[in-house]
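Produce the complete structure using the sequences and hints provided.
Sequences listed follow chains C and R, in order. Take the first sequence: its letters are residues 160 to 694, numbered as in my numbering. Take the second sequence: its letters are residues 160 to 694, numbered as in my numbering.
Simulated from the structure, these hints should not be mistaken for lab results. Computed from a predicted structure; not experimentally measured. Do not rely on the hints blindly, as some may be mistaken.
Put simply, identical chains are the same to the list, so a pair is met inside one copy or across any two.
[As the list claims (entries may be wrong)] Here are the simulated SDA-like cross-link-like pairs (lysine to any residue), alpha carbons at most 25 Å apart as the crow flies:
1. LYS642 - GLU514
2. LYS285 - SER399
3. LYS485 - ASN628
4. LYS403 - ALA291
5. LYS469 - ASN506
There are 2 protein chains.
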Amino acid sequence: MDAAKKLQDGWRPSLPLHEIAKPGKSPLWYVPLEYEGKDTGPEYMTLRIHNSLTREKEIFTPLQGNRVRMYACGVTTYDLCHLGHGRMYVVFDVVHRYLEYRGYEVVFVRNYTDIDDKIITRAREKGEDPLALSARFVEECRADMGALNVLPADIEPKVTTHMDEIIAMVKTLVDNGHAYVSNGDVYYNVRKFPEYGKLSGRHLDDLLAGARVEVSEQKNDPLDFALWKTAKPGEPAWDSPWGKGRPGWHIECSAMSTKYLGGYFDIHGGGIDLQFPHHENEIAQSCAATGAPFVRVWMHNGHVNVNHEKMSKSLGNFFTIRDILKEFTGESIRYFMLTTHYRSPINFHDGAVREAEARVDYCYETLRRLNHRLAGADPLKGQSRFELVFGQNPLDEFCEAMDDDFNTPGGLAALANLLRAVNEALDNKVKTPAWKQMNPDARADLLREALGMLRDMGQVFGLFTHEPNTYLDQRRKTSAARKGIDVNQVEALMNERLEARRNKDWARSDAIREQLAGLGVIVKDGAEGAAWWVE
Amino acid sequence: MDAAKKLQDGWRPSLPLHEIAKPGKSPLWYVPLEYEGKDTGPEYMTLRIHNSLTREKEIFTPLQGNRVRMYACGVTTYDLCHLGHGRMYVVFDVVHRYLEYRGYEVVFVRNYTDIDDKIITRAREKGEDPLALSARFVEECRADMGALNVLPADIEPKVTTHMDEIIAMVKTLVDNGHAYVSNGDVYYNVRKFPEYGKLSGRHLDDLLAGARVEVSEQKNDPLDFALWKTAKPGEPAWDSPWGKGRPGWHIECSAMSTKYLGGYFDIHGGGIDLQFPHHENEIAQSCAATGAPFVRVWMHNGHVNVNHEKMSKSLGNFFTIRDILKEFTGESIRYFMLTTHYRSPINFHDGAVREAEARVDYCYETLRRLNHRLAGADPLKGQSRFELVFGQNPLDEFCEAMDDDFNTPGGLAALANLLRAVNEALDNKVKTPAWKQMNPDARADLLREALGMLRDMGQVFGLFTHEPNTYLDQRRKTSAARKGIDVNQVEALMNERLEARRNKDWARSDAIREQLAGLGVIVKDGAEGAAWWVE
Numbered sequence: 160m161d162a163a164k165k166l167q168d169g170w171r172p173s174l175p176l177h178e179i180a181k182p183g184k185s186p187l188w189y190v191p192l193e194y195e196g197k198d199t200g201p202e203y204m205t206l207r208i209h210n211s212l213t214r215e216k217e218i219f220t221p222l223q224g225n226r227v228r229m230y231a232c233g234v235t236t237y238d239l240c241h242l243g244h245g246r247m248y249v250v251f252d253v254v255h256r257y258l259e260y261r262g263y264e265v266v267f268v269r270n271y272t273d274i275d276d277k278i279i280t281r282a283r284e285k286g287e288d289p290l291a292l293s294a295r296f297v298e299e300c301r302a303d304m305g306a307l308n309v310l311p312a313d314i315e316p317k318v319t320t321h322m323d324e325i326i327a328m329v330k331t332l333v334d335n336g337h338a339y340v341s342n343g344d345v346y347y348n349v350r351k352f353p354e355y356g357k358l359s360g361r362h363l364d365d366l367l368a369g370a371r372v373e374v375s376e377q378k379n380d381p382l383d384f385a386l387w388k389t390a391k392p393g394e395p396a397w398d399s400p401w402g403k404g405r406p407g408w409h410i411e412c413s414a415m416s417t418k419y420l421g422g423y424f425d426i427h428g429g430g431i432d433l434q435f436p437h438h439e440n441e442i443a444q445s446c447a448a449t450g451a452p453f454v455r456v457w458m459h460n461g462h463v464n465v466n467h468e469k470m471s472k473s474l475g476n477f478f479t480i481r482d483i484l485k486e487f488t489g490e491s492i493r494y495f496m497l498t499t500h501y502r503s504p505i506n507f508h509d510g511a512v513r514e515a516e517a518r519v520d521y522c523y524e525t526l527r528r529l530n531h532r533l534a535g536a537d538p539l540k541g542q543s544r545f546e547l548v549f550g551q552n553p554l555d556e557f558c559e560a561m562d563d564d565f566n567t568p569g570g571l572a573a574l575a576n577l578l579r580a581v582n583e584a585l586d587n588k589v590k591t592p593a594w595k596q597m598n599p600d601a602r603a604d605l606l607r608e609a610l611g612m613l614r615d616m617g618q619v620f621g622l623f624t625h626e627p628n629t630y631l632d633q634r635r636k637t638s639a640a641r642k643g644i645d646v647n648q649v650e651a652l653m654n655e656r657l658e659a660r661r662n663k664d665w666a667r668s669d670a671i672r673e674q675l676a677g678l679g680v681i682v683k684d685g686a687e688g689a690a691w692w693v694e
Numbered sequence: 160m161d162a163a164k165k166l167q168d169g170w171r172p173s174l175p176l177h178e179i180a181k182p183g184k185s186p187l188w189y190v191p192l193e194y195e196g197k198d199t200g201p202e203y204m205t206l207r208i209h210n211s212l213t214r215e216k217e218i219f220t221p222l223q224g225n226r227v228r229m230y231a232c233g234v235t236t237y238d239l240c241h242l243g244h245g246r247m248y249v250v251f252d253v254v255h256r257y258l259e260y261r262g263y264e265v266v267f268v269r270n271y272t273d274i275d276d277k278i279i280t281r282a283r284e285k286g287e288d289p290l291a292l293s294a295r296f297v298e299e300c301r302a303d304m305g306a307l308n309v310l311p312a313d314i315e316p317k318v319t320t321h322m323d324e325i326i327a328m329v330k331t332l333v334d335n336g337h338a339y340v341s342n343g344d345v346y347y348n349v350r351k352f353p354e355y356g357k358l359s360g361r362h363l364d365d366l367l368a369g370a371r372v373e374v375s376e377q378k379n380d381p382l383d384f385a386l387w388k389t390a391k392p393g394e395p396a397w398d399s400p401w402g403k404g405r406p407g408w409h410i411e412c413s414a415m416s417t418k419y420l421g422g423y424f425d426i427h428g429g430g431i432d433l434q435f436p437h438h439e440n441e442i443a444q445s446c447a448a449t450g451a452p453f454v455r456v457w458m459h460n461g462h463v464n465v466n467h468e469k470m471s472k473s474l475g476n477f478f479t480i481r482d483i484l485k486e487f488t489g490e491s492i493r494y495f496m497l498t499t500h501y502r503s504p505i506n507f508h509d510g511a512v513r514e515a516e517a518r519v520d521y522c523y524e525t526l527r528r529l530n531h532r533l534a535g536a537d538p539l540k541g542q543s544r545f546e547l548v549f550g551q552n553p554l555d556e557f558c559e560a561m562d563d564d565f566n567t568p569g570g571l572a573a574l575a576n577l578l579r580a581v582n583e584a585l586d587n588k589v590k591t592p593a594w595k596q597m598n599p600d601a602r603a604d605l606l607r608e609a610l611g612m613l614r615d616m617g618q619v620f621g622l623f624t625h626e627p628n629t630y631l632d633q634r635r636k637t638s639a640a641r642k643g644i645d646v647n648q649v650e651a652l653m654n655e656r657l658e659a660r661r662n663k664d665w666a667r668s669d670a671i672r673e674q675l676a677g678l679g680v681i682v683k684d685g686a687e688g689a690a691w692w693v694e
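See below:
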């Protein structure tokens, strides 16, 4: 079955991803970020996402376990970023943050197009080296997006450092007949991919009928697009099987997403203007090259208008993020961008951002009051329940240690005290009268306070950033692998033991525990269910 | 008074930083990140930092308000990062995180040395373009440090994109006689900077007596070091007043730190092996170029040993971060690095990291139990106090909206509900019986719960990342400036009014309020003190 057919049928792989991705068979067909988690997502998840491919809001389930593989198109670095770029980055930054907040392990890739016709043209105008110019605007983009509180992606690949992967994918397409060489250029043969147009709801025949051939291009069909362009004198160029040249725009996203996320991943995002032809071309390239269906959910964000008109330089209503930051704080601009649903067009005007600014001020004012109330000498101030029960405040200890020339061993000791106390409380083994007198509500408040302390310490130490079940699962698998223990066997025994315990067959449960001990596996029962560890 | 003398006298500027930095006088002498905050740090701050310059643990006070300007040396990108780099990055990442946790606004700059002799040599060995090789290892470094949960710095400048600044600083040093040109190279004249050796506790005369001249170099004095090196054929080169060439290693940190942090900033960090000569040379360059004292607190982290021996390739005990990540999780390695104080040498051996790994497992296990207990049907589960009082849970509303195709306007409505409720509680205007029956402890618990919700929403939206007082202060100043209101006059009147209120002179207090209203300023009194806003 070819890729186009699979895509049409809504094919989902029954094989694990690393099987589809065929490790070792091609530099493109591998999944470097090994998935080790469970094969079911968080049960509470009720997230629905509008999928541009199906034009429906769908319940979102990751392809594998609770890991979400996500790619978003980044900017071409030939100038400062404008409001439209800002919106695209903020939209997918919120998607990234929310997925993580809901306990998913997100692998987020966002590229920089750092070589391109526009870059070469601009560099020529400025008398600057094209690669130096684009490197400069990568940094400018980082600065602007940083001012909008956009988090870095996990991986931010650039075209110029991924030539091998790009060339390998183009070569695959030439080899399997989906692309052809013409005078040192390589073109994708759109006619060979019947599903072309699926994402944007266009039909290949209509598209072919309506298209014109540019005189300068040596294409078989007007819709065919360049995968590789032969270099003109003085342009930056890379060696390839088709001579010195550089990639066309579209191929980079296919090659880089496949490198880091595999041949089939969960979410691909970008601005609505990228849906056709850029994303359509990505699908055509990737499906034809890897045989996998590429992307499960396509997300597109709407335009930015300015005073109800399309933003454009000729209308004189064109704003860079840098411009707007002179007038407003980054958070005000960000808040404004969140006031409209991501798929709708957003209308930028001073009044709207002023309003957002006032809202952000109000938030901060509330935070200030809250901090003051909870910290200051105030009739509402409650004593820390933790301190009441344990006679110590681990967060104070922690700060005392860190205040002393960043004494992290002391800080870790405070963490250890906190953990010991929390586990005592969870096991209801605390001996103090204060604990014994507490009702369940107050005990839960104490645990919430402790959770807050753990988060604070984790934030400073840069630890505990994973969802606990995911981390522990992965650790169990790794430590089992180290000792040559078969995880499937252990899991099967654990399930059998769970069944025995449900049936109150304690003898069988104990026998399984013994059997597991013989394998080097320790079982721990608890109110939160049974867990296993490698000795 | 010259820079060396100022440094010796522990001179602190009485002028604001932008005065010292002489905007417009030189591309190096400016402070692009305008400081707008208060001129005193948080009063609760009791942080003490060991300053390599004074060899003492000192109480830390930022040079200006609560903004901390911090620079840390990054890696030279010619190979994968090793454990020593990992420690340096983790150490200053924790410093960065802790300062932010304690409410400072940190501006953190960490460079990449992406052109250098080592890079050129390695590229020649590999038959690779030097700039492509170093770009590749920048990404590898980002990946490794990301696996150790090291946050990106606010600004991560590279040498190749800061040639103008570097050349300008070298030119300044040539022009003011602190450097000289020799056959297309430029050298720093160490003899002209009598304080040379101050940081590392060496004396210039001893150093000069002990040094040898390399035959290949055209220096006046053996200690003189290259600021600019003429290019050999085939090497990457940039135009300069001294011909085509590239910078010496040391000048980049002076030029890039000054560009982003100004001529005098708070903290400069790096490994102990960088103290001499790299940091000594930075001081000599910067003080001589800007006339400002450069850095207030120098921090140096200790070596990494492996099995009690110095890590080195010849001893066969050399480990890259990539190597270690094959065996251990990033968080285990990070935890291990925190178990030793940053200034002490740390001894890496498998057992130590295994121990750290077990501690991290224990932390996660505790977190898992805590999450389970606080979420699940459990005798300890307490009802949300917020829900009890307000009959709604804004976090549930928030998730409901975001689950619906990332409906941020709905999420913002949940935030608005939360804020309204919090302010009602802070003003004690809540009408429900549940609130009226609550004692101060329970009310504080409710507010803590609300603070947690605010933080969660802020985290997802990417908002409220600033310390509230700092943000509000800045906003007041900006909005006053927009309307041409004199902030100093307003602050003076606010102080006068505070004094009047202390003396119970209500007539005077009201008169001042009227006067402020005439200026377009609104005064708000509250339990948390009086604040002012521009109309």
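How the hints compare with the structure:
1. Within a single copy, LYS642 and GLU514 get their C-alpha atoms only as close as 60 Å, which misses the 25 Å cut-off; across copies the closest is 17 Å, which meets it.
2. Taking the shortest Cα distances, LYS285 and SER399 sit within 25 Å of each other only across copies (18 Å), while inside one copy they are farther apart (28 Å).
3. Taking identical chains as interchangeable, the C-alpha atoms of LYS485 and ASN628 lie at most 25 Å apart only when they sit on different chains, with a minimum of 21 Å there against 44 Å within one chain.
4. Taking identical chains as interchangeable, the C-alpha atoms of LYS403 and ALA291 lie at most 25 Å apart whether they share a chain (20 Å) or sit on different chains (16 Å).
5. Taking the shortest Cα distances, LYS469 and ASN506 sit within 25 Å of each other inside one copy (9 Å), while across copies they are farther apart (61 Å).
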